[in-house]
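Engineer: Start from the sequences and build out the full structure, keeping to the hints where you can.
If you want the building blocks of each chain, they are given just below.
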Amino acid sequence: MAELLPPAANPLPVGPAAAARRWMALRRAAGAVRGSKAATVGAAILAVHLVLAVLGPALAPYRYTEFHMTHLLEAPSRQFLAGTDQFGRDQLSRVMWGARGTLTLAVVSTVLGEALGVTVGLVGGYYRGVVDEVLMRTMDALMAFPSILLAMLILTSLGHSPTYVVAGIAIVFMPRAARVLRGVVLSLAASEFVDAARARGERGWYILFRELLPNAWTPIIVDTTIRFSYSILLATSLGFLGLGAAPPSPDWGLMINEALPFLNQAPWLALPPALAISSAVVGANLLGDGIQASLRPE
Amino acid sequence: MTTAAPLLDVRDLEVVYRTARGPVNAVRGVSFAVAPGEIFGLVGESGSGKSTVGLAVMGALRPPAAVRGDVRYRGEPLLTKSPAALRALWGRKLSIVFQNPGSTLNPVLRAGAQVMEVLQEHEGLDRAAAFARTVELFDAVQLPDPAGVAGKYPHQLSGGQQQRVSIAMALACDPDLLVMDEPTTGLDVTTEARILELVRSLRARTGAAILYISHNLAVIAQLCDAVGVMYAGELVETGPVAEVFARPTHPYTLALLRCLPRVDAPSAQRLLPAIEGALPDPAAPVTQCQFAARCPMAEDRCRREPPPLVEGLPGRTSRCFFWEKVPAPDAVPAERVRAASRTVDTGTAVLEAHGLTHEYGMPGRRLVPVLGAPPLRALDNVSLAVGGRETLAIIGESGSGKTTLGRCLVGLLRPTAGDVMLRGHTLPRRPERWTRSTRRHMQIVFQNPDLTLNPRRTVFEAVARPLELFGGGTREDRRRRAAAMLEAVKLGARYLDRLPHQLSGGERQRVAIARAFAADPDIVVCDEPTSALDVSVQAAILNLLAVLQDSRGVSYVFISHDLSVVRHLADRVMVIYRGSVVEEGRTEDVFASPRDAYTKALLAAVPTLKTPAET
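In order, the protein sequence lines correspond to chains A and B. Residue 109 in the working numbering sits at position 109 of the first sequence; the count goes up by one each step and never skips. Residue 278 in the working numbering sits at position 278 of the second sequence; the count goes up by one each step and never skips.
The set of hints was computed from the structure by calculation and includes no laboratory data. Just to be clear, a hint being listed does not mean it is correct.
Chain B stretches covered by chain A per the calculated footprint, using a threshold of three residues with CB under 8 Å from any CB of chain A [said to hold, decoys possible]:
1) 406 to 414
2) 429 to 440
3) 444 to 452
For glycine and all other residues, C-beta sits at the position ideal for the given N, C-alpha and C.
Structural biologist: Below you can see the structure in the form of structure tokens.
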């Protein structure tokens, strides 16, 4: 080899770092956000939630466990902007404190579910054959359960804890992400660059994660964004059903559950957590749809 | 050209596409006329604007394309007609046949129903009459079992049959003018020959004027009466086809003719006279001869002002100041650039295959086997041996199994039976067991330049990966070597950090070749490496392969359906038909005196540059 190649006369300039280019899909997605009104609005809503998640406890007027025994079930007032619950806790502060837990749960479970699903989709779509059949039929079996039922099943058998909520949601999401990825990989795997990699004897993991995965970032980003909104719904639904966080946690779903008995006396109690949930869901959906629309080739 | 009043008269046609990057002049100052019963050929490479002309003369271009100039059909201006008036003409008087019949035909309608629809719409026939006429038309385009084909869906027909259905549809209402845009590109040569014969007989029977658009000079030579050569949106030369090809009056026509490998008259040179350089930017204003940058005859004047279309020889036009000085294609001895002498070493085989058989649809790939589906035998007991520095060509039509053979040879497919041997060592049947050092000796170059490179990886990463895998070394070291590899494929180090979408098809194929050679292989399987490229690019790639073979001593297994290319490049050929070898021998022997009936038919079907009048 060496004797065939004369050394180049000048040292060559080093190219752009490979790591920088790996974010190309993300940068394209960012460009897509700027290009779409819906995505911009969605991103703005999520940005507010992000600020709440990071700074919520610092910005909130009270601690989420702070009792005001003289102000039980009070309507919104200047002192308690969103009213108080049966223990006299400030409802606004509780929503602000709760943002971190609820959103973290949603983000971690979405990312974990996507990671599992992407791996399954990559492996199934690339190896095909028996491996694919076993994986995808398993995914089909998981998908046959309604999401919430499957998550409840997992939580009731494992026990109640945020970790298991994350695991439950991730398992619910895995087959859906696997389906999306498998479709993308099926068409990519027939490409000549994959054959070229096989012809030079690349290992399976290299082909999956270095040749195929970088070409699938765009659908993964779109899928993750939309999946995130379902994840918020699912996480808060589980909280509402009492399968997630335990009191006195300011989990948004749990807060709605706790507000339920007082719906006649204090209908404003359910409103702050409900608004928080729906705005996060709408934001994530707008963002995902917007990105998808502007990345779709004309 | 005939003296009769032209049926189609195009004057100063201009097409401008408005794009995000500003207006792009796709077609400039194109004028030609087609008489009734005449076949006018429009020939050019991709990006020359020939298909745009085809659509423009149909009046079928819509914004963002802006069409200027005068297109007259039977003396009536077409471009100013209302959409309703045009629709009344389309399909009835003006018809068009496109390259890809698979997307022209509606996949959910039976072939017959699609033609009947045209007849019912334009001719007002009832169902029974339309069906009878459809069967007649299918018979006229020589479809076997016309009534049976009418009841089939497009996917049940072969590519050639689909194209004949779309030709039948175009002919349904006896059009006066038929535009055919690359109707045989992508079809096998034997199918192509039948379609060309069909077009000739149609012209004789109906007297329609035909505008035939193709990149294939040999097809144009076989079929057309007159020809217009397009380059960068301009007609650079027109005239009767035999005269234009025998004595071109534009350097581009000459260059095109010379860079074509000839099946009928193979040259002694190992290298083809390729056309260096690239098309000019279509968005740039025209201030000089568009071909000047690539023209060996260009003088200062060519770079100062654009040449007008001049009438040189009688009945001919040329867009060249120096049209009289253009030499005849055969008269110019290309500089004898035969690279370092190459001695084929047939004594020891580098690569051998014994009794290779491959069946698709083998059980074991599915959890629940599909019952009753017999395996398809794509390759049947094929044996071959390739010597050192030798080029063995595998010739076959689509579906012959030639690609399957290539994939078995480099371990992309596991043969059902038979063995591959590398330098006398039998390789494991399961390619997963091949070692890296085995893999390193065998590389493959693919047909489709679009996805031969990973779209998300730079040229450097593509070329350096085999170096990393097989050689190691530091990153700097690999970068230096990758740059040297790019020099070897005539691209240069400035390409290192580009991504595939920033490269042309020919450049991508060069990078793919650099990647294959980076591992310093003994044998390279080339699977139709030039069939998706323009002829000028093809010539350059074929030259590159020849030079690399000479300098690095590799052997090639060259898979191709293009017999001209094979004749130019190969030492030995092997013809396969339905998975079996039907003939094998030295290239000269097989082309001079084929023994097998299929080989004979294949050779007879190849269009040559000799016009029918000459033969």
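Engineer: Each hint should be assessed against the structure and marked as holding or not.
Structural biologist: Hint-by-hint comparison with the structure:
Figure legend: the segment 406 to 414 of chain B, annotated as covered by chain A; annotation consistent (4 residues with Cβ-Cβ distances under 8 Å, at least 3 required). Residue count for the segment 429 to 440 of chain B with a Cβ under 8 Å from a Cβ of chain A: 6. That meets the three needed, and the coverage hint holds. Counting residues of the segment 444 to 452 of chain B whose beta-carbon sits less than 8 Å from any beta-carbon of chain A gives 6, enough to reach three: the coverage restraint holds.
Violated hints: none; the structure is consistent with every hint.
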